[in-house]
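Protein chains: 2
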Amino acid sequence: MLNFSFHNPTKIHFGEGQIEAIKKEIPSNARVLVVYGGGSIKNNGIFDQVAAALSEHEWFEFSGIEPNPTYDTLVKALAVIKEHKVDYLLAVGGGSVIDGSKFIAAAALFEGDDPWDIIAKRARVNAALPLGVVLTLPATGSETNAGAVVTRNGNKLPFASKLVRPAFAILDPSVTLTLSDRQVSNGVVDAFVHTVEQYLTYSVNAKVQDRFCEGLLQTLIEDGPKALAADTREDLEVRGNLMWSATMALNGLIGAGVPQDWATHMIGHELTGSYNIDHARTLSVLLPSVLRNRRVNKRDKLLQYAQRVWHITQGDDDARIEQAIVKTEQFFKAMQAPTSLKDVDLGASDIDEILKKLEQHGMTALGEKRDVTLDISREILEAAL
Amino acid sequence: MLNFSFHNPTKIHFGEGQIEAIKKEIPSNARVLVVYGGGSIKNNGIFDQVAAALSEHEWFEFSGIEPNPTYDTLVKALAVIKEHKVDYLLAVGGGSVIDGSKFIAAAALFEGDDPWDIIAKRARVNAALPLGVVLTLPATGSETNAGAVVTRNGNKLPFASKLVRPAFAILDPSVTLTLSDRQVSNGVVDAFVHTVEQYLTYSVNAKVQDRFCEGLLQTLIEDGPKALAADTREDLEVRGNLMWSATMALNGLIGAGVPQDWATHMIGHELTGSYNIDHARTLSVLLPSVLRNRRVNKRDKLLQYAQRVWHITQGDDDARIEQAIVKTEQFFKAMQAPTSLKDVDLGASDIDEILKKLEQHGMTALGEKRDVTLDISREILEAAL
Chain A
1 MLNFSFHNPT
11 KIHFGEGQIE
21 AIKKEIPSNA
31 RVLVVYGGGS
41 IKNNGIFDQV
51 AAALSEHEWF
61 EFSGIEPNPT
71 YDTLVKALAV
81 IKEHKVDYLL
91 AVGGGSVIDG
101 SKFIAAAALF
111 EGDDPWDIIA
121 KRARVNAALP
131 LGVVLTLPAT
141 GSETNAGAVV
151 TRNGNKLPFA
161 SKLVRPAFAI
171 LDPSVTLTLS
181 DRQVSNGVVD
191 AFVHTVEQYL
201 TYSVNAKVQD
211 RFCEGLLQTL
221 IEDGPKALAA
231 DTREDLEVRG
241 NLMWSATMAL
251 NGLIGAGVPQ
261 DWATHMIGHE
271 LTGSYNIDHA
281 RTLSVLLPSV
291 LRNRRVNKRD
301 KLLQYAQRVW
311 HITQGDDDAR
321 IEQAIVKTEQ
331 FFKAMQAPTS
341 LKDVDLGASD
351 IDEILKKLEQ
361 HGMTALGEKR
371 DVTLDISREI
381 LEAAL
Chain B
1 MLNFSFHNPT
11 KIHFGEGQIE
21 AIKKEIPSNA
31 RVLVVYGGGS
41 IKNNGIFDQV
51 AAALSEHEWF
61 EFSGIEPNPT
71 YDTLVKALAV
81 IKEHKVDYLL
91 AVGGGSVIDG
101 SKFIAAAALF
111 EGDDPWDIIA
121 KRARVNAALP
131 LGVVLTLPAT
141 GSETNAGAVV
151 TRNGNKLPFA
161 SKLVRPAFAI
171 LDPSVTLTLS
181 DRQVSNGVVD
191 AFVHTVEQYL
201 TYSVNAKVQD
211 RFCEGLLQTL
221 IEDGPKALAA
231 DTREDLEVRG
241 NLMWSATMAL
251 NGLIGAGVPQ
261 DWATHMIGHE
271 LTGSYNIDHA
281 RTLSVLLPSV
291 LRNRRVNKRD
301 KLLQYAQRVW
311 HITQGDDDAR
321 IEQAIVKTEQ
331 FFKAMQAPTS
341 LKDVDLGASD
351 IDEILKKLEQ
361 HGMTALGEKR
371 DVTLDISREI
381 LEAAL
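Residue numbers (the numbering used here), protein chains in the order written: chain A, 1 to 385; chain B, 1 to 385.
Hints were generated in silico from the structure; no laboratory data involved. Please note that the accuracy of each hint is not assured.
Which copy? The list can't say, so a pair holds if one copy fits it or any two copies do.
As the list claims (entries may be wrong) - The list that follows gives simulated cross-link-like pairs (lysine-lysine, PhoX-like), each with its CA atoms no further than 20 Å apart: (1) Lys-24 <-> Lys-162; (2) Lys-333 <-> Lys-76; (3) Lys-226 <-> Lys-76; (4) Lys-121 <-> Lys-369; (5) Lys-23 <-> Lys-369; (6) Lys-162 <-> Lys-76; (7) Lys-327 <-> Lys-121; (8) Lys-11 <-> Lys-24; (9) Lys-162 <-> Lys-342; (10) Lys-327 <-> Lys-369; (11) Lys-226 <-> Lys-327; (12) Lys-11 <-> Lys-162; (13) Lys-85 <-> Lys-327; (14) Lys-357 <-> Lys-162; (15) Lys-226 <-> Lys-82; (16) Lys-23 <-> Lys-357.
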């Protein structure tokens, strides 16, 4: 195991009916801005539950955060915050709303001239508004971590600060019942690939982390398809297991003390930035190709994955690794997710553009060994056609 | 999965050389009391590392915390705290030193007349000194949780407050290399039984928690005996895996959203209180008997344990459960731990006294279904002879 520091102070309230916990988590004298997306929460009852929980608070609304939240939208919140003297943010949504709220939290108290510097110049975040979360789409883990991704002019860029980590997160699995199949699929695939990015690297004999990863992957494999199947889609136990898996997949725990990859994510971000493809769908397209390309580097862990997650015991090492990757593709297909560039209407002629973007963003040495060069990214993309 | 709230804000610094992180974790103007046990840290270099890390702090010492820390010892620290205007505690030791420091932290700022009321009358803890930890014996999980056990006149009694949860914990596996075999054995058995208490109950289809438990149990089973074997006892990877398992076994995570048992612990506390038997050794004596006695209640989870942890696939249900319990006993024996009352020099004539103590402490309805009456505790003890 590698040395590490781990600190995740977000308080979690998990289960049906927990939205009412907002009431006691946000100081009664706070002036709250409820931040949300396209308004679906007004149709499915979540907004009403939040409003009921905030009945004794002074609160305001800011809506319209889009998937892959853009800088141009987010900065509009700053005027609302100033006008109403807001001092607490409550994000009600999935990863995009939460990520966007994190940027708003930091931008609202940013002392420099241009809040975009937080991302573009990695300007230090010295203060941020406190942030609470009601999670509606389990996927990104953003509800308890310190990171966020913001898009500007087709560039999808990350920032992180412990000051924007949510103070609390409400995880009520029943609110996920109204998600579309596509949203459910995206969430499960995202959590799966988050886990893989921290698991399928090289071994440092971190047995707890390995087994926690394998437990999350097995849970997603077992329960992911159930959330799409007619007879089990309303099953709250299934929804609960998926929600908790997605949070645990990116709260820092399984990645503590182990190498991490993230090549699939970094290449995927360019597919989203340039072609507006759902984040999770870029991951299901790319991951199998990344694993095949990096199978020598990742050999020991791929064999462990084949055995422990997929129970593959027949064939020589190469055959078992290939079987495990095929099983991974079959799982993505069962989740109704694409597994090739063709599936998302991209072709060979798009690869140069993707590589240009990777170069532009400095993504020229990816992966746990920093050896995924642009040439290797090209191989990965070509094999994903 | 059951509804739950989870909050563990302790910051962890894990790995060799991390003791120096104390320097930045404790405010530079703090007046620190270093609390420790019998003085072994002065012989193995840990004290020197702590002293070096505190070279720019004002600090004092309080030593002599015994295993199963007693009220009479702990209250002596209060005079030292008053004399030197101490405002930060640093516990350097195992579960007993940490638990004792938690009580000192609460007692130092207790507003009532008698700090024993914190335990005896469950008096509310409104303030506590901040506490940091350098863990030397991985076992109890006390380094990141909010609970403690204190002994007075042979009565071993618990208290808990979020105000005594350590602000930070240093987990350096290399400091465990000087532990005796008995200490290593105790730590592994304690972590194993903590996990079992939160795992072998009845199923609520909490797949993540179940698999995390199974991962911890498998890690302890694989690496526990290696920490006692001549050729692997110095292996820092082994020590690291055991240390991280013990923390994860009782930091609140695997017990969130699931039923919990703790009958083995509660009966075990009486064996320690009345006969001064090491805490972990009471657990290895009692757990197999508890599992056999409760095998109907725990049937589904025992079958899952047999299959996933011990890979037992032959025989009917009862036979597989019995094999899993036998494997558990064999594991305890491999850890040089006792598995019967006879092994710890107790006999049938002691059972009445143990039951009297259980009754005296209100332990008359134990277990995840509160159905372990005194009569069932008697059955459990008789079967453990």
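Hint by hint, here is what the structure shows:
1. Taking the closest pair of Cα atoms, Lys-24 and Lys-162 come within 20 Å of each other only across two copies (17 Å); inside a single copy the shortest separation is 23 Å, beyond that limit.
2. For the homomeric pair Lys-333 and Lys-76, neither the shortest alpha-carbon distance inside one copy (39 Å) nor that between copies (66 Å) is at most 20 Å.
3. Proximity of Lys-226 and Lys-76 under a CA criterion of 20 Å is satisfied in neither setting, with 39 Å inside one chain copy and 59 Å between copies.
4. In this assembly of identical chains, the alpha carbons of Lys-121 and Lys-369 never lie at most 20 Å apart, being 26 Å within a copy and 57 Å across copies at closest.
5. For a Cα distance limit of 20 Å, the shortest separation of Lys-23 from Lys-369 qualifies neither inside one copy, at 46 Å, nor across copies, at 32 Å.
6. Within a single copy, Lys-162 and Lys-76 get their C-alpha atoms no closer than 23 Å, and across copies no closer than 39 Å, so neither meets the 20 Å cut-off.
7. In this assembly of identical chains, the alpha carbons of Lys-327 and Lys-121 never lie at most 20 Å apart, being 42 Å within a copy and 58 Å across copies at closest.
8. Only within a single protomer do Lys-11 and Lys-24 lie at most 20 Å apart by alpha-carbon distance; the minimum there is 12 Å, versus 24 Å between protomers.
9. Taking the closest pair of Cα atoms, Lys-162 and Lys-342 never come within 20 Å of each other, the shortest separation being 39 Å inside a single copy and 53 Å across copies.
10. In this assembly of identical chains, Lys-327 and Lys-369 lie within 20 Å of each other by CA distance neither inside one copy nor across copies; the values are 25 Å within and 41 Å between.
11. In the homo-oligomer, the alpha carbons of Lys-226 and Lys-327 lie at most 20 Å apart inside one protomer (17 Å), although the nearest pairing across protomers, at 35 Å, exceeds that limit.
12. Taking the shortest alpha-carbon separations for Lys-11 and Lys-162, both the intra-copy value of 14 Å and the inter-copy value of 12 Å come in at or below 20 Å.
13. In this assembly of identical chains, Lys-85 and Lys-327 lie within 20 Å of each other by CA distance neither inside one copy nor across copies; the values are 53 Å within and 63 Å between.
14. Neither within a single protomer nor between protomers do Lys-357 and Lys-162 lie at most 20 Å apart by alpha-carbon distance, with minima of 29 Å and 48 Å respectively.
15. In this assembly of identical chains, Lys-226 and Lys-82 lie within 20 Å of each other by CA distance neither inside one copy nor across copies; the values are 45 Å within and 61 Å between.
16. When the C-alpha separation of Lys-23 and Lys-357 is checked against a cutoff of 20 Å, the pair qualifies neither within a copy, at 45 Å, nor between copies, at 43 Å.
When each numbered hint is compared with the structure, violations occur for hints 2, 3, 4, 5, 6, 7, 9, 10, 13, 14, 15, 16.
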